[in-house]
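Asks: Sequence:
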Amino acid sequence: MEFNQRSIISIRDFSREEIEFVVGKALEVKQGRWHDALSGKVLASLFFEPSTRTRLSFDAAMVSMGGRVVGFADAGVSSTKKGESLADTIRTVTGYCDVIAMRHPVEGAARLASEVAGVPVINAGDGANQHPTQTFLDLFTIHEEFGRLDGLKVGMLGDLKYGRTVHSLAKALSLFEVEQVFISPPSLRMPEGIIEELRQGGTAFQEVEEIDQVQGALDVLYVTRIQKERFADFQEYERVAGAYRLGHRELSALGGQCRVMHPLPRVDEIKPEVDSGGNAIYFRQAHNGIPTRQALLGLVTGTIS
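Under the numbering used here, the first residue of the sequence shown is numbered 6, with each subsequent residue one higher.
Mixed in with the good hints, there may be bad ones.
[What the hints assert, rightly or not] Derived Cβ-Cβ restraints for the label pairs, each shown as a range:
(1) Lys276 / Ser90: 44 to 54 angstroms
(2) Arg289 / His40: 12 to 22 angstroms
(3) Val75 / Gly252: 39 to 49 angstroms
(4) Gly207 / Pro55: 18 to 28 angstroms
Keep in mind the hints are simulated off the structure, nothing from the lab. Heads up, the beta-carbon is just placed ideally off N, CA and C, and yes, glycines get one too.
Model the full assembly from the supplied sequences, consistent with the hints where possible.
Replies: Shown next as structure tokens:
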């Protein structure tokens with residue numbers, strides 16, 4: 006499969022076979038192959054929005070495979086502060102690097118960047134739209150846990166309206182034989198466009214408002230925080246803040262063996278009591294960002310094949 010010089014903008018751009026290929030390469034990287042694959046390569050890390058895990062994960066992925074990182078973690082120190090357009094910033098940065106990882110608050114910004122850049126662009130999150138590298142690491146984690154992606158039942162809980170991670174994940178899982186369950190307040194339900202896509206594609210899914218309304222056991226529950234920063238109306242946020250708090254009692258209602266994932270950061274939607282149990286795999290999920298992003302960086306720069 007050809008990934009060299011290919012931008013990673015949306016999970017919608019990838020077939021089932023391509024996703025399986027990336028997951029396989031991430032496993033190879035985690036097992037110790039390709040350890041110097043990025044030697045001599047430079048990553049431009051452009052974060053116009055705050056990030057801890059994604060930014061550090063990209064940086065660690067690059068450096069630990071022999072590459073170098075330039076860039077910024079605060080849009081205030083870039084020339085966009087002076088009024089420079091995003092397109093001009095990207096055209097300029099292209100001359101300093103082999104690949105760009107970019108997070109931006111505006112939906113579609115990553116696609117625009119990829120159209121003007123002379124190097125591959127990896128979308129590290131664009132507004133409430135897409136977060137494809139998170140989806141790849143989520144799928145890798147699920148595959149690592151169960152040995153497969155088909156034949157599972159996956160629930161998503163919390164902010165399904167603004168959560169770009171669940172938008173990408175729902176689309177990716179629709180390529181596999183996975184039943185999906187969406188649990189959210191009515192005001193934060195999965196966008197109708199995604200629901201309609203799943204319906205037309207024949208994906209089995211259900212929508213409920215409470216955990217105890219889920220029919221049957223879940224294999225995975227993907228929890229998201231209520232994203233305060235996405236609400237234009239603070240009163241609307243206050244009405245749904247704290248809507249869910251997952252503990253042992255709630256997990257038992259989902260079958261007891263349900264694995265709990267979270268893209269992090271969390272606020273109070275998962276109780277600390279869950280952390281030490283066998284159900285919690287969200288910290289391993291976060292750590293899987295490194296081999297997954299290493300695989301993607303190597304693939305798009307042509308150093309992993």
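Asks: All the hints need checking, so say for each whether the structure fits it.
Replies: The hints, checked one at a time:
1. Lys276 / Ser90: 44 to 54 angstroms: 45 angstroms, holds
2. Arg289 / His40: 12 to 22 angstroms: 21 angstroms, holds
3. Val75 / Gly252: 39 to 49 angstroms: 43 angstroms, holds
4. Gly207 / Pro55: 18 to 28 angstroms: 38 angstroms, violated
Going through the hint list in order, the structure does not satisfy hint 4, though it satisfies all others.
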